[in-house]
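These protein sequences, in sequence, are chains A and B. For what it's worth, the numbering used here labels the leading residue of the first sequence as 1257, then goes sequentially. For what it's worth, the numbering used here labels the leading residue of the second sequence as 1257, then goes sequentially.
Zero decoy hints are in this set.
Here are a few chain A residues that face chain B, going by a calculated C-beta distance under 10 Å:
no.	residue
1	THR1293
2	SER1588
3	HIS1624
Hints were generated in silico from the structure; no laboratory data involved. Ideal placement from N, C-alpha and C gives every residue a C-beta, glycine not left out.
There are 2 protein chains.
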Amino acid sequence: MIAPSTSLDHLESFFQSQQKSIRDDFFKFLRFKSISTDPDYKSDVLSCCSWVEEQLKKIGLETERWETSGHPTIFASHCKAGPGKPTVLIYNHYDVQPVDPLELWDSPPFEPVEKDGEVFARGAQDNKGQCFYVLKAIEALFDQEDDLPVNLKLVIEGEEETGSAGISAILKERAKQLKADYLIVADAGMQRLDQPSLTLGCRGIITMHVELEGANSDLHSGSHGGLHRNTNHVLIDLLSRLRDAKGHILVPGFYDDVKELSDDERSKIDFTFDSSEYREMFGAEANGGEEEFSPFESAWIRPTLEINGISGGYSGPGFKTVIPAKASAKISCRLVPGQDPEKTGILVLDYLKKQVPKGFSIEAKLDHGGPAVRSSPNSKGVKAFAQAYSEVMNKPCRFTMEGGSIPVIASLADVSGSEVVLMGFGLPDDKIHAPNEHFSIDRIRLGMLSIARALQILGE
Amino acid sequence: MIAPSTSLDHLESFFQSQQKSIRDDFFKFLRFKSISTDPDYKSDVLSCCSWVEEQLKKIGLETERWETSGHPTIFASHCKAGPGKPTVLIYNHYDVQPVDPLELWDSPPFEPVEKDGEVFARGAQDNKGQCFYVLKAIEALFDQEDDLPVNLKLVIEGEEETGSAGISAILKERAKQLKADYLIVADAGMQRLDQPSLTLGCRGIITMHVELEGANSDLHSGSHGGLHRNTNHVLIDLLSRLRDAKGHILVPGFYDDVKELSDDERSKIDFTFDSSEYREMFGAEANGGEEEFSPFESAWIRPTLEINGISGGYSGPGFKTVIPAKASAKISCRLVPGQDPEKTGILVLDYLKKQVPKGFSIEAKLDHGGPAVRSSPNSKGVKAFAQAYSEVMNKPCRFTMEGGSIPVIASLADVSGSEVVLMGFGLPDDKIHAPNEHFSIDRIRLGMLSIARALQILGE
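I would like the entire structure built from these sequences, with the hints used as guidance.
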């Protein structure tokens, strides 16, 4: 076991002395309704962006606002450690997911409430909580010394939840500014707080919209039932052919490019899964994958296809006896190394298109996407974070993977020429993307300490 | 061909002289947002009820408001023709369907607009237009004579679009008041205006709600994709097993009680169907039935199962990578003589329940329903209306059927001890239950003339 350093004591004191302002600032951050996918919230997203910029300036960083086709990206830097020190680029995002179904929230999603140390709000974890401790870590390092231990760059974007189109389009022209040795992605998590772990990979993603049309208007299910074939039924038929009963995706070629994990990599990853704990936490069975793979193998190293939304006809209160003119679905695939997002999405859409029966038309299009990311357990960046975690949490760090996606990361790593480290303090029951999302003040502390220590180790 | 009577000329003159007030009153009727299924419109439903009562009083009828568990039923009568004359009960409803999707309306649904003689508004046909010409027919008869040719009773309810639960529950206690020889249901239609036709039957209905739950919260499709089996997929799997590729409903026992049409009945019904006209009118193929039945056989004399609504996960703008905790469907079956609504609904729900996989729970319940109704082409009531149609439209009347349902009619016929006549001037492209519903002023005229003449014939 590694002994806690003096530096760690100093960082810990900083946190304890700043508790009130940390809580106040975090709550301010959470109050911005920075929902990137919905145009109605555009001004809220911009206000949130401005507030983050202010915080960065206060800490002592130089900031730039990079305008994009969508919401702006914040670039901040402090590169005075000298050429002998490494350059570290940290990635976060200030945008959040939509909040519906609103009625399932116990408290309003943009009015943070603290209960037993957990703060409930949209974005509490994903990603405002994890962005916030990065800012506090830098503040804590400046409190300890006049300079930072590394040359530091931050990229905080406003469109992660919609696929990072804006920042992705300008990455190449910003390549020089983004140049770094390490890319720290503070948007991941661990399975449990009593076992520090780092994430060696996250899956890629491709998202799709499908709309089926069978008539020029909604039709009465009495007069037309038996005449017109219901678009809901046709859509259901199509979608039911996407997966078999054993969890395999039936789209021809879907698995062709999957790059298998090496035995060495596999041996270093902890795939332990507790089904009864999962059942208790989510009220759900963990039997969603291909039957020949274990739960975490299915969630980390295998691709998936999920229908994220389906809608057709009347779903409001009461009953409406309609045969809908249109029915639609939103579909996403999580991808593993080897799979190209666009290619995979087109395979799925072509498979659906080919099966549309006579008299129906389909509008099928790709939305955002990005490839999978993998790190080596032997890389210098991963090792530094593993050491920092072990010091902060007083236990050796293990390695896991993540089923989620941060689509821009692969390109950001490529353009910046850096080695990726996926880190974070998310936990499985944080309810990200769902009602009652939460994150704890204590995890703000752990995140702050870990980032600060890891930067010190990288700068040694 | 039957020669138009002098009476018909008089009725026609009445219509011509009243054109402005007919249009004004009809538009007033259409402006009430009497959506019965949505509690938000309760006061609009009541205002509409009061307005109809006022009209009936103005015409010279005695009215009563029958309170029910839901929206009130209006009962009106004028029984001074004497015991030698038959008693005729006319059924209509003043409530309407919801209006969504609102964005597909070319003009606001409750601000009637007339274009080339067609009036566009929710309820323009179903059933305000058809109710309105009944009122005008009575007015026209009073304009001709001091008394009516028959003992007349009207029932105008406010919950037809939600299954008539309120009136159904009080029918028995009102049996004496409802006693009649003929029950005229002015809520049907014909295939084309150049071929007068009467409807010899309408199908029954049973409606159902199904909700599937697989987790205690919406889950992130990245972290949980491959772990949890998506509720959307499970629902789609279940629903895809309801019908086979040949249009047969796969629920065991579903067809067991179907009473086949006799050869005599079948020979009197015009099943002629024009697929290309249907395609042109609705932008849809007429291939929705069981493959061994023709389109109108499928729509009139065979039961159906339709998914009227399906909903699960995120369907708003943009994308949300969620695995929904719940997914739901609204299902309805149209029924033919012999099939009991409740029994059939339970068959469907039990079939679904039995197939729910481990880890998922289903909430499945019946909503409203009612059995099918059939009339004989040889009954006195049907013959009187056939004659009236032929006089008014100057062409012999034919017989068809209707795929839709008026759930309360079977009970109303039973309680009142009357012979049913299903009549009306609906046309297939009136877009009832859909955006841009419409009905013409000329059909108000035809309906008014036909009702008035038929009552005269029945009173002869």
